[in-house]
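Visitor: If you want the building blocks of each chain, they are given just below.
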Amino acid sequence: MKQEMVDRIKNDPDYIHLVSVRSRFAWTLTIIMLVIYFGFVLVIAFDPTYLGTPLSAGSVTTIGIPVGVGVILSAFILTGIYVRRANGEFDELTRRIKDKAKGN
Amino acid sequence: MKQILFLLLGSAGIFASEALTGAVEKQPLNMSAIIMFVIFVGATLGITYWAAKRTKTAKDFYTAGGGITGFQNGMAIAGDYMSAASFLGISALVYGKGYDGLIYSIGFLVGWPIILFMVAERLRNLGKYTFADVASYRLRQTPIRTLAAFGSITTVILYLIAQMVGAGKLIQLLFGLDYEIAVVLVGVLMILYVTFGGMLATTWVQIIKAFLLLAGATFMAIAVMAHYNFNFESLFATAVQMKDVSIMAPGKLVSDPISAISLGVALMFGTAGLPHILMRFFTVSDAKEARKSVFYATGFIGYFYILTFIIGFGAIVMVFQNPQYLDLAKQAVDGGYPILGGDNMAAIHLSHAVGGDFFLGFISAVAFATILAVVSGLTLAGASAISHDLYASVIRKGKSDGLMEMKVSKVATVVLGIVAIFLGITFEDQNIAFMVGLAFAIAASANFPILFLSMYWSKLTTRGALIGGSLGLLTAAVLVVLGPTVWVDVLKHADPIFPYKYPALFSVSMAFIGIWFFSITDNSESAKQEKEAFEAQYIRSQTGIGAEGAVEH
Chain L
1 MKQEMVDRIK NDPDYIHLVS VRSRFAWTLT IIMLVIYFGF VLVIAFDPTY LGTPLSAGSV
61 TTIGIPVGVG VILSAFILTG IYVRRANGEF DELTRRIKDK AKGN
Chain R
1001 MKQILFLLLG SAGIFASEAL TGAVEKQPLN MSAIIMFVIF VGATLGITYW AAKRTKTAKD
1061 FYTAGGGITG FQNGMAIAGD YMSAASFLGI SALVYGKGYD GLIYSIGFLV GWPIILFMVA
1121 ERLRNLGKYT FADVASYRLR QTPIRTLAAF GSITTVILYL IAQMVGAGKL IQLLFGLDYE
1181 IAVVLVGVLM ILYVTFGGML ATTWVQIIKA FLLLAGATFM AIAVMAHYNF NFESLFATAV
1241 QMKDVSIMAP GKLVSDPISA ISLGVALMFG TAGLPHILMR FFTVSDAKEA RKSVFYATGF
1301 IGYFYILTFI IGFGAIVMVF QNPQYLDLAK QAVDGGYPIL GGDNMAAIHL SHAVGGDFFL
1361 GFISAVAFAT ILAVVSGLTL AGASAISHDL YASVIRKGKS DGLMEMKVSK VATVVLGIVA
1421 IFLGITFEDQ NIAFMVGLAF AIAASANFPI LFLSMYWSKL TTRGALIGGS LGLLTAAVLV
1481 VLGPTVWVDV LKHADPIFPY KYPALFSVSM AFIGIWFFSI TDNSESAKQE KEAFEAQYIR
1541 SQTGIGAEGA VEH
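For the record, the sequence lines run as chains L and R. Using the working numbering, you'd call the opening residue of the first sequence number 1 and step up by one each time. Using the working numbering, you'd call the opening residue of the second sequence number 1001 and step up by one each time.
This is chain L alone, in the form it adopts within the complex (with noise of 0.2 Å):
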């Protein structure tokens, strides 16, 4: 990529707003994906009875069983929520950068 066209792009409001609105929601989720498996872990690791409590009195199903399951979901919802984003916001403003830096 030449200098001169490292500056436009650089420049260009539309590519400041994508990096900058894609940083923070990509780190965003990260932190919230971070947050709900090393939550799940510690609370294992700290409090081990606490998901064999059973869901209600009499039943055999545990909290941990919900959990659990709710922690494989929230990861592929995070990774779908992240894509439709991306798919439609951000592509749509990548697609104008780059027929801008073209010189269109």
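Hints listed in this document are in silico derivations from the structure and should not be mistaken for laboratory results. Idealized CB from N, CA, C, for every residue including glycine. One thing to keep in mind: the hints can contain errors.
When the alpha-carbon atoms are kept at most 27 Å apart in a straight line, the in silico DSSO-like pairs for lysine-lysine are as follows [claimed, not checked]:
#, chain 1, residue 1, chain 2, residue 2
1, L, Lys102, R, Lys1288
2, R, Lys1128, L, Lys10
3, L, Lys102, R, Lys1531
4, R, Lys1288, L, Lys100
5, R, Lys1128, R, Lys1528
6, R, Lys1397, R, Lys1407
7, R, Lys1459, R, Lys1528
8, R, Lys1410, R, Lys1399
9, L, Lys2, R, Lys1128
10, R, Lys1252, R, Lys1330
11, L, Lys10, R, Lys1288
12, R, Lys1128, R, Lys1399
13, R, Lys1459, L, Lys2
14, R, Lys1459, R, Lys1397
If the Cβ cut is set under 8 Å, some of the chain L residues that face chain R in the computed set are [as the list claims (entries may be wrong)]:
#, residue
15, Ile9
16, Lys10
17, Leu42
18, Phe76
19, Tyr82
Once you've looked at the hints, dock chain R against the given chain L.
Guide: For chain R alone, coordinates are given in the frame of chain L:
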């Protein structure tokens, strides 16, 4: 049974089921499984023939021309990740310990969203064939490529040994073939797929296998649930009656907080540093397809882990204590309810319980197909590191032509295949449970930090990456050797020098600190240029301007 269960859960730790260790017994020849497996091999060799005609350039060979769709790639990634050992191992873990099996599988899943948010798009926008393309983008080619290739090849070989030994044992169990014959068969088929069909054949082998595995596991889970009118409470209640209530709560898998976090770090960053997984991102046309790949892969893998949980409980209620699957000879000696072939056979026996001989044959054939697909992906990644990073970039300084590079890659594939067969036979009776753990630790401590910082940190220099990455690699290797899995279990010392099974927390920190320190203190002229080159790299990573496109087939 006790032996396998012990190795699976006890001394060897969480990665043991990936490695399928322990003594197994050869089973009688299983004809319906062999016939179905022969059909699979015939179909995949047909695909290899078709792929070979379309694999003309180096780009075709390494990335299937970059024309794989996001959905196909997601399926292939899931195929790479759902090994036979994880199918049989996780369901065996659930069968043996209940809830701990779920904790184990969750650890393997949560790396995927992080890969999507942090790595996937930038990797696609910057790279060509290997992750070293990205790591060395603005740094000095020779040292960084050498280190990255070394990290890749080490990871691949450790993983390959674990898969080959697992393959030999599994095939003894499922098909009643000799260990050596099984290992040679896997090695030869893998060489055929990769040398002739390259990435295109490897991808389709992965996709077909992922589909068969998901279909088979879905059928088993539905069959189990149908017995209980799709009511989980009654499934769990029956299982608790058979075993005891402890299977519904966390057991001994996660003990202290440091081990727990260290394991999480290894699984998360290790997944993001596995060369055969990273390479899959170059098979799609652009960042959008790369994103979709991870979305579908996460969905398939998560779904698969939920299925294995149901299958494990299904095995408790339908296989455990079922006289048909009981190993009477062992029971007479050890008591309890040992099942034929050991705990790793829980899912296999369940397939017989729900679908008879025919379905048993199907699941056995799928398990074999799974091994073939995984070793093919690994070998292709290892061969690419040799031909693209070492030969083309380091030895020929980027002046080789694509055809020559592809030839080197094919020779490397054959050599790796032979090495894998040889190591597979050598390690038959060794305790190899630490190898997958070590592979993840090295991927997390050497490959991932360099890759991540090369994309995110403008002040990274060659010196920092080289010293920090090497420190991470060495720390991981040394701590695994001094830790419980090698020092005590393999070398038979009484106490470990390093107390934790999973060194990733320490070795990854070491890598990041090393890279940071030796980068910021690097005042050389080349370091200055490397920092200045970040801006252009960053723009390409964000927008994909200048990125590799796809070719039409």
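Visitor: The structure should be examined with respect to each hint, and the outcome stated for every one.
Guide: Each hint tested on the structure:
Of the supplied pair hints, the one linking Lys102 of chain L and Lys1288 of chain R holds, its CA atoms being roughly 20 Å apart against a limit of 27 Å. With a C-alpha separation of about 24 Å, the suggested pair Lys1128 of chain R and Lys10 of chain L falls inside the 27 Å cut-off, and the hint holds. With a CA separation close to 26 Å, the supplied pair Lys102 of chain L and Lys1531 of chain R stays within the 27 Å bound. As the CA atoms of Lys1288 of chain R and Lys100 of chain L are separated by approximately 20 Å, the hinted pair is consistent with the 27 Å bound.
Restraint check: the Cα-Cα separation between Lys1128 of chain R and Lys1528 of chain R comes to about 25 Å, which is no more than 27 Å; the hinted pair holds. Of the supplied pair hints, the one linking Lys1397 of chain R and Lys1407 of chain R holds, its CA atoms being roughly 17 Å apart against a limit of 27 Å. With a C-alpha separation of about 9 Å, the suggested pair Lys1459 of chain R and Lys1528 of chain R falls inside the 27 Å cut-off, and the hint holds. For the hint linking Lys1410 of chain R to Lys1399 of chain R, the alpha-carbon distance of about 19 Å falls within 27 Å, and the restraint holds.
Of the pairs offered as hints, the one joining Lys2 of chain L and Lys1128 of chain R holds, with about 20 Å between alpha carbons and a cut-off of 27 Å not exceeded. A threshold of 27 Å between alpha carbons decides the hint, and for Lys1252 of chain R with Lys1330 of chain R the separation of about 26 Å falls inside it, so the pair holds. Taking the CA atoms of Lys10 of chain L and Lys1288 of chain R, the gap is about 22 Å. The hint holds against a cut of 27 Å. With a CA separation close to 16 Å, the supplied pair Lys1128 of chain R and Lys1399 of chain R stays within the 27 Å bound.
At roughly 21 Å between alpha-carbon atoms, Lys1459 of chain R and Lys2 of chain L fall within 27 Å of each other, so this suggested pair holds. The suggested pairing of Lys1459 of chain R with Lys1397 of chain R holds, with an alpha-carbon distance near 25 Å, which does not exceed 27 Å. Interface hint at Ile9 of chain L: satisfied, since its Cβ lies 5 Å from the closest Cβ of chain R, which is below the 8 Å cut-off. The criterion of a C-beta within 8 Å of any C-beta in chain R is met by Lys10 of chain L, whose closest approach is roughly 7 Å, and the hint holds.
Interface hint status for Leu42 of chain L: upheld, as the beta-carbon distance to the closest one in chain R is roughly 6 Å, under 8 Å. Annotation: interface hint on Phe76 of chain L holds; nearest CB of chain R at approximately 5 Å, less than 8 Å. A cut of 8 Å between beta carbons decides the hint on Tyr82 of chain L: the least distance to chain R is about 6 Å, and the hint holds.
Violation of the numbered hints given earlier is absent; every hint is satisfied by the structure.
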